[in-house]
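Listed in order, the protein sequences are those of chains A and B. Yeah, the first sequence ends on 551 if you go by this note's numbering, and it's all consecutive. Yeah, the second sequence ends on 247 if you go by this note's numbering, and it's all consecutive.
The set of hints was computed from the structure by calculation and includes no laboratory data. All C-beta atoms in this analysis are idealised placements derived from N, C-alpha and C, irrespective of residue type, glycine included. Please note: incorrect hints may appear among the correct ones.
To be verified - Take a look, some chain B residues computed to stay more than 10 Å from chain A by CB distance:
#1 Thr-48
#2 Arg-50
#3 Leu-130
#4 Leu-132
#5 Gly-140
#6 Ser-155
#7 Arg-168
#8 Cys-205
Unchecked claim - List of simulated lysine-lysine pairs, PhoX-like, C-alpha gap at most 25 Å:
#9 Lys-456(A) x Lys-121(B)
#10 Lys-278(A) x Lys-216(B)
#11 Lys-103(B) x Lys-456(A)
#12 Lys-347(A) x Lys-385(A)
#13 Lys-96(B) x Lys-456(A)
#14 Lys-96(B) x Lys-121(B)
#15 Lys-182(B) x Lys-458(A)
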Amino acid sequence: MMKTSLSVKVGKITFKNPVLVASGTFGYAEEFERFFDLKTLGGIVTKTLTLKPRVGNPPQRVFETPSGMLNAIGLQNVGVESFIKDKLPFLSRIGVPIIASVMGYSVEEFHKTVTALDSAKGVDGYELNLSCPNVDYEKQKPGATKRATDEVEVDRPAKMFAHDARMIQEVVKAVRKVTQKTVIAKLGPDVSDIAGMAIAAEKSGADAVSLINTFIAMAIDTKTQKPVLKNKTGGLSGPCIKPIAVRMVWEVARSVRIPVMGMGGIMNTKDALEFILAGATCIQVGTANFVNPQVCPEIIKGLENHLRKQKIDGITKLIGRVADS
Amino acid sequence: MISEKTKGETLRVLGPLGNGFQYPLSSRLADSNQVPRMILVGGGVGVPPLYHLARNSKKNGQKNKNIHVFIGARQESLLHCEKDFAKLGVKLHLATDDGSRGFKGFVTQILDEFLNSLRSSEKSLKEALRDLSVYVCGPTPMLKAASGIAQKFELNCQVSVEEPMPCGFGACLGCAIKIKDSQSRQKGFRYAMSCCEGPVFNSQEILWD
Chain A
227 MMKTSLSVKV GKITFKNPVL VASGTFGYAE EFERFFDLKT LGGIVTKTLT LKPRVGNPPQ
287 RVFETPSGML NAIGLQNVGV ESFIKDKLPF LSRIGVPIIA SVMGYSVEEF HKTVTALDSA
347 KGVDGYELNL SCPNVDYEKQ KPGATKRATD EVEVDRPAKM FAHDARMIQE VVKAVRKVTQ
407 KTVIAKLGPD VSDIAGMAIA AEKSGADAVS LINTFIAMAI DTKTQKPVLK NKTGGLSGPC
467 IKPIAVRMVW EVARSVRIPV MGMGGIMNTK DALEFILAGA TCIQVGTANF VNPQVCPEII
527 KGLENHLRKQ KIDGITKLIG RVADS
Chain B
39 MISEKTKGET LRVLGPLGNG FQYPLSSRLA DSNQVPRMIL VGGGVGVPPL YHLARNSKKN
99 GQKNKNIHVF IGARQESLLH CEKDFAKLGV KLHLATDDGS RGFKGFVTQI LDEFLNSLRS
159 SEKSLKEALR DLSVYVCGPT PMLKAASGIA QKFELNCQVS VEEPMPCGFG ACLGCAIKIK
219 DSQSRQKGFR YAMSCCEGPV FNSQEILWD
C-alpha cells in the first residue's frame, strides 16, 4: 500500500493529521474519552479560558435552527488557575498538541491570561478568541442606533476585537511579546473584510489564523414573542454556515502567507476536503462532535483513504489546490 | 424523524446517558392503606419514563396499592400509556385540559386534592407521608407546579427536567439548569449540566425561574 502522510506544520507545531477539535465543542477532552482514543486526533483546542472562572449565561443557552444551532453559553470556564491545576494534566497526557483558547476583556487581560499559561507545562500554543464584547471602547449612547440621522456615522465603535483590524493588531502584538509558542488568531465572520482582519493578524506576528467563529444570530419565539435565547443573540454554527466559511477561508488563504485553520460546519471528510482545497492547512471540527462524537476519527480515516485512492502522498499537496483550477 | 424510518434502516443510538429516578427498594414501615409509597406525576410525552419506573418498582417488590399514577394531557387521545398502567394494576388518576377524559383541568390540581385528602393529624399517617416520594416527568411548567405542591406537603420529590441538550454528555455546556449551591462564590447558585448531573434532580435543589 502506498504511504501517505497527513502531517502538517503550523508555527512551531507539527500535527500528525490536520483534524483538530474546535474550541467550546470538546470540553476539556475528558468527556470524549469514552468514545474514541483521543490520541488519534491531530490536536485539541480547549474551551476558551479567561483569567477568572466564569459561570456562563443563564438558560436558555442553546437552540437548534435549520442545519445548525445557536449558542450563547457565555464562556463558562474554570478559569486559568483551575485549568492549569485540574484540566491540563489530563490533556497533556493524551499525547497530541494542546492549543489553549484564551479570551480577555481587554488587551491587558489577554496579556495576563497568556502569561499565566505560558509557564505551565503542556500548552503547545494559543488560539486567541477575539470574538468577545470589547469593553475598552466608549459605550455607545442609548438610542443612537434607533433612527438614521442625516449624517451617516462611518466609524462606529466595534463590538468586539475581531471587528476592528487595529484592535486585532493590539491583542496579537501584546500576546506575541509574552510567548514564543505558536499563536493563532481566531477571526469572527461578522465583518465586511475578513482578509483585511487576517492581514492585520499576520502583520502583528500571529503564526496562523483560524476561521470562522460563529455568526451573531437570533431566533424569536412567536408564542412568547421573546428571543429564544436568554442572552437574546447567540453564535450560529453548523452546516448552514459552511458555504460562507469556505468562501472566507479561500479569500484569506490567498491574502496571507501564514497557515489558515479552516472551520465552519464541517460534518464529514468531503467537507474537510473543501476547506483544505480552499486553502486550509488544518481544519477544526466543532458542532459535528455533538451530532456524532466519533466524527473526528472518521474524518481522519476518510482523509487517509482519499489520499490513497487519489494516489497522493501527502495532504499538503491538496492545500489551496482550488487556486490552480 | 424516527417515525419516518423504515424497516432495515439503521439508527445510531448513544446511551444510557445521565441518571434516572431513585426509587425506594424497601421501607421500615408497614404498608398503609391510605398513603402510597410512590406518586408518579406525568404530562404529555413525559409519561413513558414513569411507566418504566412503575414497572421496575413492581419488579423489585413494590405493591400496586403503593403506586399512584397521575397523568395529564391536553385531550383524551394524548393520554399516553393509560392501557399499560392499567395492565400493571397501579392506581390511575387522569386529567385532561378539555375534560374529554377524567378531571377537567391540570393533573397538578387532582394531585393537590389527593394529597389534601391524605392530610391528617394522625401520627401514623404523618409518618407514612414522610415515606412517600413524588416522581415527576413532563413539561417544565408542570414540573414547577408539582414541585411546589410537594414542597407544600413536605414530600420528597424528584423531577426529570427538560432542557435542550446539543451533546448529551457534558461537553457543550448547553443544558444548564440553575441549582442551589451554598458553596458557590456566586449568589448561592451554580449551573448544573442536566445531561450528566440530571436529568433527574431533587426538586428542592432547583431554582426555578
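Here is what the structure says about each hint:
1. Non-interface call for Thr-48(B) relative to chain A: holds, since the shortest CB-CB distance, roughly 13 Å, exceeds 10 Å.
2. Non-interface call for Arg-50(B) relative to chain A: violated, since the shortest CB-CB distance, roughly 7 Å, does not exceed 10 Å.
3. Residue placement check: Leu-130(B) keeps its beta carbon more than 10 Å from all beta carbons of chain A (closest about 31 Å).
4. Leu-132(B), annotated as away from the interface, keeps every beta carbon of chain A farther than 10 Å; the closest lies near 27 Å.
5. Taking the minimum C-beta to C-beta distance to chain A, about 26 Å, the non-interface status of Gly-140(B) holds against the 10 Å cut.
6. For Ser-155(B), the non-interface assignment is confirmed: its Cβ lies about 36 Å from the closest Cβ of chain A, beyond the 10 Å cut-off.
7. Every Cβ of chain A is farther than 10 Å from the Cβ of Arg-168(B); the closest lies at roughly 33 Å, confirming the non-interface assignment.
8. Non-interface call for Cys-205(B) relative to chain A: violated, since the shortest CB-CB distance, roughly 4 Å, does not exceed 10 Å.
9. At roughly 40 Å between alpha-carbon atoms, Lys-456(A) and Lys-121(B) are farther apart than 25 Å, so this suggested pair is violated.
10. At roughly 20 Å between alpha-carbon atoms, Lys-278(A) and Lys-216(B) fall within 25 Å of each other, so this suggested pair holds.
11. A threshold of 25 Å between alpha carbons decides the hint, and for Lys-103(B) with Lys-456(A) the separation of about 44 Å lies outside it, so the pair is violated.
12. With a C-alpha separation of about 34 Å, the suggested pairing of Lys-347(A) with Lys-385(A) is violated against the 25 Å cut-off.
13. Annotation: proposed proximity of Lys-96(B) to Lys-456(A) is violated, straight-line Cα distance about 42 Å (limit 25 Å).
14. With a CA separation close to 17 Å, the supplied pair Lys-96(B) and Lys-121(B) stays within the 25 Å bound.
15. Between Lys-182(B) and Lys-458(A) the alpha-carbon distance is near 24 Å, which keeps this suggested pair within the 25 Å criterion.
When the structure is compared with the earlier hints, violations turn up for hints 2, 8, 9, 11, 12 and 13 and for no others.
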